[in-house]
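Just so you know, the protein sequences line up as chains A and B, in that order.
With our numbering applied, the first sequence covers 41 to 537.
With our numbering applied, the second sequence covers 991 to 1056.
Do not take every clue at face value.
Computed list of lysine-lysine pairs in DSBU-like fashion (alpha-carbon distance at most 30 Å, straight line) [as the list claims (entries may be wrong)]:
#, chain 1, residue 1, chain 2, residue 2
1, A, 378, B, 1020
2, A, 426, A, 441
3, A, 426, B, 1053
4, A, 203, A, 360
5, B, 1020, A, 401
6, A, 446, B, 1023
7, A, 378, A, 360
8, B, 1053, A, 523
9, A, 183, B, 1053
10, A, 441, B, 1023
11, A, 441, B, 1025
12, A, 258, A, 360
Each pair of labels, with its calculated beta carbon distance range [to be verified]:
#, chain 1, residue 1, chain 2, residue 2, range
13, B, 1049, A, 520, 48 to 58 Å
14, A, 93, B, 1037, 17 to 27 Å
15, A, 200, B, 1045, 23 to 33 Å
16, A, 519, B, 1048, 46 to 56 Å
17, A, 418, B, 1045, 12 to 22 Å
18, A, 512, B, 1045, 51 to 61 Å
19, A, 412, B, 1037, 13 to 23 Å
20, B, 1017, A, 81, 46 to 56 Å
21, A, 393, B, 1037, 44 to 54 Å
22, A, 515, B, 1053, 35 to 45 Å
Facing chain B, according to a computed beta carbon distance under 7 Å, are these residues of chain A, among others [stated by the list, open to error]:
#, residue
23, 129
24, 131
25, 181
26, 358
27, 399
28, 417
29, 419
30, 425
31, 426
32, 448
Derived by calculation from the structure, the hints in this document are not laboratory data.
Beta carbons: idealized from backbone N, C-alpha and C, even for Gly.
Next come the chains, spelled out residue by residue.
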Amino acid sequence: MAITKVCGIETEYGIQTLGVADPNPITASSLLVNAYLSLVSKRVGWDFDDESPMTDARGYSRDYSLAPEIETHLINTVLTNGARYYVDHAHPEYSSPECFTPREALLYDRAGEEVLRRSMEGAANVLGPGQSIVVYKNNSDRKGNSYGCHENYLMDRLVPFAKIVTQVTPFFVTRQIFAGAGKVGTEMSYVQKDQVPFQLSQRADFFEEEVGLETTLKRPIVNTRDEPHADATRYRRLHVILGDANMSEVSTLLKVGVTAIVLSMIEDGYLDHLDFALETAVPALRAVSYDLSMRRTIELANGKRITALEMQSLYLEAAKEYAQAGGLVSLGDEAEAKEILRLWEEVLATLEIDPMRLSDKLDWVAKYRLLLGYRERHGLDWDDPKLAAIDLQYHDIRRSKSLFHKLDVERIVADDEVGIAVSEPPRRTRAYFRGKCLAKYGPNVAAANWDSMIFDLGEDPLRRVPMMDPLRGTADHVDELIKGCATAAELLKGLGS
Amino acid sequence: MAEREMVRKTSPSRTREAEVEEAASPDTDKSEKLKAELDDLLDEIDEVLEDNAEEFVRNYVQKGGQ
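Pulled out of the complex, with its shape left as it was, chain B reads as follows (with noise of 0.2 Å):
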C-alpha cells in the first residue's frame, strides 16, 4: 500500500502512473487479499481456539518418538 501511494507521489504523468500502477497490481492485490483473509480469521480464532490455552499447551504431552 505504501509502495504504491509513493508511486503515485512521484509519477510525473497520469499515462505513467497507470502503466506503474498496473505493473504493481498483481502483488499489491495478493498481499491485500492475504491481509484481508488474515484479519476475518483473527476476528473468529477466539472461537476457534482451544478454551484454556494454559491448560491445553500444558497438558499436551507426548511420549517422544523417533
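Next comes chain A alone, as it looks inside the complex (with noise of 0.2 Å):
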C-alpha cells in the first residue's frame, strides 16, 4: 500500500523593479520578503543544519567545487501557515508547507500568491514614488532565463529510485498538455522562431538530461536530489523540477493530484507492466510541447510510436483500474481523488476532441486563445512585441493587471478559504506543528526547518525539537497540548523533550 502523498509546491516568483536604474534583483527580493515580514512581524530564522541538496538519490554524494545552493546571508522565514518564505537565486521564493492532499497543494499555491501580493502592496509603502516591484507567477524572461516552480512528493524509500526513473519520466513528458503554462515563442538558439509560434511548455526549453542532480544548469527531467526532510531511512521526497507555474487552478490541481496518483500506482506496482519507455525523454519533452494540434507522435524504446495524448491515456487506464481497487486511499482523501480521476479523463478526452475547448480550464489553452483572438483582431504576426507581452502579462499577480485574472477561468478553492490558509497551517501533516508553535511561542522559536523547530527558553542549551515524520505533528497529535501549554517551556515539558 502506497504511503500518503504528502506534497506541496515551491515557486519563485519572477520580479520587475520599476522606476529605478539598474535595480537589484536580490535587493529587490529581500524588499518583498521583509515588507511581508513587517505586515506580519512575526520572524523566525531558518535553520539549515540539515539541509543537503547534493545528495543523490542515486546513492552517491559527489564532491563539488562550488559552494552548495544555500545562501544563509539571504533572509529566509517561516510563516505562520507552515510555509517558507526567502529569497532564492535572485528571486522570491515561496515554499508551501507540506499538504495531505493535492487540492490542499492548490489551495496552499494560491495563498503563496496572496503573500506575494501582499509583499507588493507593503513595498510600495517604503518605496519612493513612481518606484514598484511587480512580482510574476510565470517562468521565463523569454531571453533564455528560467526560474522554477517545484513540486515535492512524498515516497516510500523502499521502491528503487531507478524504477521511479523509468515509470514516471513517460508521464513527466506529456503531462505538459494539461499542466503546460503556454509559452509564445521558444529561447532554443537553434530552433527557428517561425517553427515554433507558440508551445505548451513554460519550462520544455531548459531541459537537457533525463536524470540528474542539477537544477540550475543542464535541468534533468528527473531530479535525483535526495533530501527527504524526513527519516531517510523510511522515506523518500521526490523532487520535481520541470513543471510550470501555473494561474489555473484546474490545472494545478491536474499537475500535482495526477503526479501523486502515478506516484502511488510506482510505488504499488501498477505501472510494472507497461512498456512504454521513451527512446530520447529530452527531443521528446520538446516534440510534446511544440504540438499543439496534440496529433504528433514521440517514439518509444521498444520502436513503436505514440501520440502525448495516448501516452497519458496508458496511464489514466491504470489508474482506473488502481481506483477500484482502492489505492486512490494514499491521495489523502479519496473521494477528493476520485475527482481528480474523473477531471482528468474529461480534459483528456476533450483535448482529444478540441482542445480550444479547455480555454476555461487549462493555462495554456486560456492564454493560447486570447493571443490568437489579439492577433487576429489586429492583424499582428507571431513575433510582435504586444503578443510577448500579453505572455508576460498573463502571469502578472496584480489583479488590476493580471491577464488570467480577467479571464473567466474555473476556480476551485474559493477566496476566502485562500485567506484564511495565508496564516493557518494545513491541519493534516507536521506543518501545523511548526505553524501553530511559531504563532503562539514565536518569541521562543529560536529556528525553524523542514524536519525540526529549535526553541531558546532563554538558558543554555537551545531545545531541538525532532520532526522526522512529515504525517506527524498534525492538528490530532498536538492541538490540545499546544492549546494547553501556555508558554514554550510547558510545550517542551509536555512533549517529553
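Each chain sits in its own coordinate frame; assemble them with the hints.
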C-alpha cells in the first residue's frame, strides 16, 4: 500500500522593479520578503543544519567545487501557515507547507500568491514615488533565463529510484498537455522562431538531461536530489523540477493530483506491466511542447510511436484500475482523488476532440486563445512584441493587471479559504505543529526547518524538537497539547523533550 | 454555431430538431459564452496592457534560477 502522498509546491517568482535605475533583483526580493514580515511582524530564522541538496538519490554524494546552493546570508523565514518564504537565486520564493492532499497543495499555492501580492503592497509603502516592484508567476523571461516551480511528493524509500525514473519519465514528458502554462515562441537558439509560434510549456526549452542532480544548469527531467527532510530510512522526497508555475487552478490541481496518483501507482506496482519507455526523453519533451495539434507522435524504445494523449491514456487506464482497487486512499482523501481522476479523464477526452474547448480550464489553452483573438483582431505576426507582452502579463499577479484574472477561468478554491490559508497551517501534516508553534510561541522559536524546530527558552542549550515524520505533528496529535500549554517551556515539557 | 445550423438543415422534423438542439446546447452555449467573454476582454485589453509592449518585453530580464 502506497504511503500518503504528502505534497507541496515551491515557486520562484519573477520580479520587475520599475522606476529604479539598474535595479538589483536580490535587493528587490529581500524588500518584498521584509515588507511582508513587517506586515505580519513574526520573524523566525531558518535552520540549515539538515539541508543537503547535493545528496544524490542514485546513492552517491559528489564532491562539489561550488558551494552548495544555500544562501545563509539571504533573508529566510517561516510563516504561521507553515510555509517558508525567502530569497533564492535573486527571486522571492514561497515554499508551501507540507499538504495532505493535492487540493490542499493547490490551496497553499494560491495562498503563496496572496503572500506575494501583500508583499508587493507592503513594498509600495517603503519605495519612493514612481517606484514599484511587480511580481510575475511564470518561469521564463523569454531571453533564455528560467526560474522554477518545483513540486515535492513523499515516497516510500523501499521503491528503487531507478524504477521511479523509468515509470515516471514518460508521464513527465507528456503531462504538459494539461499542465503547461504556455509560451509565445521558443528560447532554443537552434530552433527557428517561426517553427514554434507558441508552445505548451514555459520550461521545456530548458531541459537537457533525463536524470540528474542539477537544478540551475543542464536541468534533468527527473531530479535526483535526495534530501527527504524526513526519516531517510523510510521516506524519499521526489523533487520535481520540470513543471510550469500555473495560474489556472485546474492546471495546478491536475499537475499535482495526477502526479500523486502516478507516484502511488509506481509504489504499488500498477505500472510494472507497461512497456512505455521513450527512445529519447529530452527531444520528446520538446516535441510534445511544440505540438498544439495533439497529433504528433513520439518514439518509444520498443520502436513504436504514440501521441502524448495516448501515453496519458495508458496511465489513465492503469489509474482507473487502481481506483477500483481502492488505491486512491493514498492521496489523503479518496473522494477528492476520484474527482481528480474524473477531471483528468474529461480533460484528456476534450483535448482529443478540440483543445480550444478547455480555454476555461487550462493555462496554455486560455493564453493561446487570448493570443489568437488579439492577433486576429489586429493582424499581428507571432513575433510582434504585443503578443510577448500578453504572454508575460498573463502571469502578473496583480488582479488589476493580470490577464489571467481577466479571463473567466474555472476556480476550485474560494477566496476566503485562500485568505485563511495565508496564516493557518494545514491540519493533517507536521506543518500544523510548525505553524502553530510559531503563532503561539514565536518569540521562543529560535529557528525552524522542515524537519525540526529549535526553541530558545532563555537558557542553554537551545532545545531542538525533531519532526522526522511529515505525518506526525498534525492537529489530531498536538492541538490539545498546544492549547493546554501557555508557554514554550510547558510545551517542551509536554513533549517530553 | 456552424454545427447547429448544419443540424437544422438535415433535421427532417421539428421534434427531432428540438431534441438535437437541446442535446447540443450546453456545449454551444458554453462556447458562445466563452467567445463573448473573450470579445469583451479584447475590447478592453489595450487599456490594461503595458503602455509600451516592446520596452516592457525588453526590460523584463530575470536572473536565472532553479
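The hints, checked one at a time:
1. A:378 / B:1020: The given pair, whose Cα atoms are some 25 Å apart, holds under the 30 Å limit.
2. A:426 / A:441: holds (15 Å)
3. A:426 / B:1053: Answer holds: residue 426 (chain A) to residue 1053 (chain B) is near 23 Å, not above 30 Å.
4. A:203 / A:360: holds (21 Å)
5. B:1020 / A:401: It holds: about 12 Å lies between the C-alpha atoms, which stays within 30 Å.
6. A:446 / B:1023: Measuring from Cα to Cα gives roughly 14 Å; hence the hint holds.
7. A:378 / A:360: holds (9 Å)
8. B:1053 / A:523: violated (45 Å)
9. A:183 / B:1053: holds (10 Å)
10. A:441 / B:1023: Holds, at roughly 23 Å.
11. A:441 / B:1025: Since the Cα atoms of residue 441 (chain A) and residue 1025 (chain B) sit roughly 21 Å apart, the hinted pair holds (cutoff 30 Å).
12. A:258 / A:360: violated (35 Å)
13. B:1049 / A:520: 48 to 58 Å: holds (54 Å)
14. A:93 / B:1037: 17 to 27 Å: Violated, since residue 93 (chain A) and residue 1037 (chain B) (Cβ atoms, about 45 Å apart) do not stay within the stated range.
15. A:200 / B:1045: 23 to 33 Å: violated (52 Å)
16. A:519 / B:1048: 46 to 56 Å: With a Cβ separation near 53 Å, residue 519 (chain A) and residue 1048 (chain B) satisfy 46 to 56 Å, so the hint holds.
17. A:418 / B:1045: 12 to 22 Å: holds (18 Å)
18. A:512 / B:1045: 51 to 61 Å: holds (53 Å)
19. A:412 / B:1037: 13 to 23 Å: holds (20 Å)
20. B:1017 / A:81: 46 to 56 Å: holds (52 Å)
21. A:393 / B:1037: 44 to 54 Å: violated (35 Å)
22. A:515 / B:1053: 35 to 45 Å: holds (39 Å)
23. 129: holds (4 Å)
24. 131: holds (5 Å)
25. 181: holds (4 Å)
26. 358: violated (29 Å)
27. 399: holds (6 Å)
28. 417: holds (6 Å)
29. 419: Result: violated, 13 Å to nearest chain B Cβ.
30. 425: holds (4 Å)
31. 426: holds (4 Å)
32. 448: holds (5 Å)
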